[in-house]
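6 protein chains.
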Amino acid sequence: MSKQKNLSHLDETGSATMVDVTKKHATSRRAEASCTILLNATSYDIVQNNKAKKGNVLEVARIAGIMAAKKTAELIPLCHQINLSNVAIDFKLSKSDQSIVVSASTATTDKTGVEMESLVATSIASLTVYDMLKAVDKNIRITDIVLNFKDGGRSGTFIREKSSSHKL
Amino acid sequence: MSKQKNLSHLDETGSATMVDVTKKHATSRRAEASCTILLNATSYDIVQNNKAKKGNVLEVARIAGIMAAKKTAELIPLCHQINLSNVAIDFKLSKSDQSIVVSASTATTDKTGVEMESLVATSIASLTVYDMLKAVDKNIRITDIVLNFKDGGRSGTFIREKSSSHKL
Amino acid sequence: MSKQKNLSHLDETGSATMVDVTKKHATSRRAEASCTILLNATSYDIVQNNKAKKGNVLEVARIAGIMAAKKTAELIPLCHQINLSNVAIDFKLSKSDQSIVVSASTATTDKTGVEMESLVATSIASLTVYDMLKAVDKNIRITDIVLNFKDGGRSGTFIREKSSSHKL
Amino acid sequence: MSKQKNLSHLDETGSATMVDVTKKHATSRRAEASCTILLNATSYDIVQNNKAKKGNVLEVARIAGIMAAKKTAELIPLCHQINLSNVAIDFKLSKSDQSIVVSASTATTDKTGVEMESLVATSIASLTVYDMLKAVDKNIRITDIVLNFKDGGRSGTFIREKSSSHKL
Amino acid sequence: MSKQKNLSHLDETGSATMVDVTKKHATSRRAEASCTILLNATSYDIVQNNKAKKGNVLEVARIAGIMAAKKTAELIPLCHQINLSNVAIDFKLSKSDQSIVVSASTATTDKTGVEMESLVATSIASLTVYDMLKAVDKNIRITDIVLNFKDGGRSGTFIREKSSSHKL
Amino acid sequence: MSKQKNLSHLDETGSATMVDVTKKHATSRRAEASCTILLNATSYDIVQNNKAKKGNVLEVARIAGIMAAKKTAELIPLCHQINLSNVAIDFKLSKSDQSIVVSASTATTDKTGVEMESLVATSIASLTVYDMLKAVDKNIRITDIVLNFKDGGRSGTFIREKSSSHKL
Chain S
5 MSKQKNLSHL
15 DETGSATMVD
25 VTKKHATSRR
35 AEASCTILLN
45 ATSYDIVQNN
55 KAKKGNVLEV
65 ARIAGIMAAK
75 KTAELIPLCH
85 QINLSNVAID
95 FKLSKSDQSI
105 VVSASTATTD
115 KTGVEMESLV
125 ATSIASLTVY
135 DMLKAVDKNI
145 RITDIVLNFK
155 DGGRSGTFIR
165 EKSSSHKL
Chain R
5 MSKQKNLSHL
15 DETGSATMVD
25 VTKKHATSRR
35 AEASCTILLN
45 ATSYDIVQNN
55 KAKKGNVLEV
65 ARIAGIMAAK
75 KTAELIPLCH
85 QINLSNVAID
95 FKLSKSDQSI
105 VVSASTATTD
115 KTGVEMESLV
125 ATSIASLTVY
135 DMLKAVDKNI
145 RITDIVLNFK
155 DGGRSGTFIR
165 EKSSSHKL
Chain D
5 MSKQKNLSHL
15 DETGSATMVD
25 VTKKHATSRR
35 AEASCTILLN
45 ATSYDIVQNN
55 KAKKGNVLEV
65 ARIAGIMAAK
75 KTAELIPLCH
85 QINLSNVAID
95 FKLSKSDQSI
105 VVSASTATTD
115 KTGVEMESLV
125 ATSIASLTVY
135 DMLKAVDKNI
145 RITDIVLNFK
155 DGGRSGTFIR
165 EKSSSHKL
Chain H
5 MSKQKNLSHL
15 DETGSATMVD
25 VTKKHATSRR
35 AEASCTILLN
45 ATSYDIVQNN
55 KAKKGNVLEV
65 ARIAGIMAAK
75 KTAELIPLCH
85 QINLSNVAID
95 FKLSKSDQSI
105 VVSASTATTD
115 KTGVEMESLV
125 ATSIASLTVY
135 DMLKAVDKNI
145 RITDIVLNFK
155 DGGRSGTFIR
165 EKSSSHKL
Chain C
5 MSKQKNLSHL
15 DETGSATMVD
25 VTKKHATSRR
35 AEASCTILLN
45 ATSYDIVQNN
55 KAKKGNVLEV
65 ARIAGIMAAK
75 KTAELIPLCH
85 QINLSNVAID
95 FKLSKSDQSI
105 VVSASTATTD
115 KTGVEMESLV
125 ATSIASLTVY
135 DMLKAVDKNI
145 RITDIVLNFK
155 DGGRSGTFIR
165 EKSSSHKL
Chain B
5 MSKQKNLSHL
15 DETGSATMVD
25 VTKKHATSRR
35 AEASCTILLN
45 ATSYDIVQNN
55 KAKKGNVLEV
65 ARIAGIMAAK
75 KTAELIPLCH
85 QINLSNVAID
95 FKLSKSDQSI
105 VVSASTATTD
115 KTGVEMESLV
125 ATSIASLTVY
135 DMLKAVDKNI
145 RITDIVLNFK
155 DGGRSGTFIR
165 EKSSSHKL
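Residue numbers (our numbering), protein chains in the order written: chain S, 5 to 172; chain R, 5 to 172; chain D, 5 to 172; chain H, 5 to 172; chain C, 5 to 172; chain B, 5 to 172.
Because the hints were derived from the structure by calculation, they are not lab data.
Among these hints, one or two may not hold up.
A pair counts as met if it fits within one copy or between any two copies, since identical chains are not told apart.
Below are the DSSO-like pairs computed for lysine-lysine, each with C-alpha atoms no more than 27 Å apart in a straight line [said to hold, decoys possible]:
id : residue 1 : residue 2
1  : LYS28     : LYS115
2  : LYS99     : LYS142
3  : LYS166    : LYS142
4  : LYS166    : LYS75
On a predicted model such as this, the values are computed, not experimentally measured, just so you know.
Just chain S, same shape as in the assembly (with noise of 0.2 Å):
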């Protein structure tokens, strides 16, 4: 009962809903969510000589990511609709890995938090890399989506735990 009371999408008799937000402050929020993309050599090098050259993977990526961002609220269904001030999308490429980190960092000035649209930004920047490559690399892996910052409101600064509690 007392940790049905703490999922604040669910109301008391369990049924689904939008948090009631009318009486927050607007106020300045930012998140920053990442994953990993993991790729095989081809599918790798591919990214990489064409990120010398022309980009183009990752800037086609980049900007799925930030148009998904504008439409999270469309997506997740109690989420609610913020203006971003900002959305930004970061690729780091490692050779011995064989993967690309994307990153997404989402800002707004509103009275809800923006989490979701970082993630929903990573999610389909990575997704977008996938399409894109699947002719010559089907087992392409997305992993790790995570939340790694969020600051603003009331409930204030989270910074992800490395060693959290998952078990996996």
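Model the placement of chains R, D, H, C and B on the given structure of chain S, informed by the hints.
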């Protein structure tokens, strides 16, 4: 150069382009994707109890995944518009791992495949679980978003390799 | 239990699911829905005079209904995406009742029917009338949203019963 | 002529226009709308049993209504874009009437009201119930879509008149 | 290099990015854009006669322009989401030129300007005219899409130069 | 009166309506549209240098155009929903004119043509170029949006007349 030719979403000058499927045949096509959500003890209990009683966290996530599958061509820039004949989302809870495996199957009769539709459904369903539980567990991690299976079309059947050439 | 099986949008465990239409045939399908808008003397006069001169209230409503029909699969979670071959909206004014009957006909050649498309078109056209008149009449009432007719597909032709088993 | 001036969505030449709210103040605004769904014995039983067990018909409808409220400005041509601070959907079953009363409350802090958001939420939630039950009852009737209440803004509080001047 | 810095939508490495407006102030902002549609004698007559009677070609275009303005952030990848306080579309017919000048004014109180909203409204209203007349005149030409005016924000007022430095 | 009959988007009473394509056959259809963007020396140099290095202005515009083509039926009120089998956007820079010619080709196999899809792609790609360069050149002008070519369907092939009957 030969690799570049393999990458069907980039034309010979490296610019982004949709794959021209005008001359391909409409055939029956299916795809299945999955991912794993890793929870802490508190958030896992909420989902499991909730499931026993009302199932709302997973039911909201299921609806979100189905609706997102239908939006794939709006989210992934170079995806074709496909009218899906089926979307099904499945959840498997594991108490020992405090995890939920989310699977999405999609189907169509069209000129191109539905891999991205399954992957988008899986991702958005999982992010909806995150959204509904983030008040109690911001460290939730979504991992191993992969395509398990596709069939139909000229490239035939794909079944995910268990021991792939991906390093991590 | 047998009733549950009849309810095609819920699977055997009671979870929401799209109906799998993969093996159904694309055939010509039509549907017609209607509803009634009840106005006061002032708002009715505006629509009628307006109609004589410029017709704008009803013309905006007509466009809204047509555009909404095309969005049905985005609005109704378990609806299939259907490309409509026709949408037509019709208005009948009755001075004695101070009412407008709104009808919407839709058509497609696809694997599943267009009942929801007609119902959505009718509803959104009517709500647009409300929106344009609410400055002078907030008591407008929209009533009797019903499906009058459908044909095509395995379940064949449906024509609404005038004296149905509904109590009110 | 004076009536025409009252109709804020048409300019003086009768063309459609958005109301210019540039100089209005952002204030707290709420609205509540409702409608009634009339079922036959079979469809009513499914909803009621379903509710006792899993609640899925109404839960899918609830999600649909919340998501539709967020899409109001895309559906109603002359509506302003409003970021909602709350959407809540409520269902009341009446066994004697074989009916469901659907209510939707919405809130914002903005320059214009949320009447249409509540009405859209109510309508789409009800149409989703229709969609999920149409396999067993195509004669379902949605009736009495009305605005019950609004407050906030220059025009102040509105409470629906029980015996209105509408003829039917 | 200094030019690159001026181009606010590309970061220093040349990748696409939204402009971060987090620290800007919400102020009243307006913009006006226009374009010209060039018709042949037949299509011009239809619009003009139509206008005298029902005005439907231009009324459908007007609605399309208003609705498109509200979708700007979905269409232009790096645009911020802005809730408009006004959109107004105006048409001026010139019989001697067989032309229609389409103007769109938009307004908001927000952290960034509405130039793109006016330009999108103008363009989509014009394309809607094309769509409604293409059965009789596929040679219709839309020309001179320009921003005429903006005010508000740090960069202040812009009024289009009549003799610009553009070569054609 | 006979002209009115030619205008397929208005019914005999002058109200807006979709063209009923229910009985038309699905055939292969293509269309190509183009327009010209006129820049000043500074903005032209940025695009050209950018193109040599990273190509981002045009790559973002290309993605915007492809995604907008897929949204045509949401933007143009009376357009049918069409699933495109191809969208390709091409840019030709002319240093002497300080201009960019934007072309968009689209294709489908469906019951109606894709003229509007090509025109929408061209327009939104061009407006995206405007958006990315407006910080350095607000006087950019987009001109000569035209349909160059279509084939497929009952009305057959259209090729734009160079010396049309349009006065300007």
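To see whether the hints hold, each was checked on the structure:
no. : hint               : result
1   : LYS28 with LYS115  : both (6 Å within a copy, 17 Å between copies)
2   : LYS99 with LYS142  : within (19 Å within a copy, 30 Å between copies)
3   : LYS166 with LYS142 : between (30 Å within a copy, 12 Å between copies)
4   : LYS166 with LYS75  : neither (30 Å within a copy, 34 Å between copies)
This entry does not satisfy hint 4, going by the numbered hints stated previously; all others are met.
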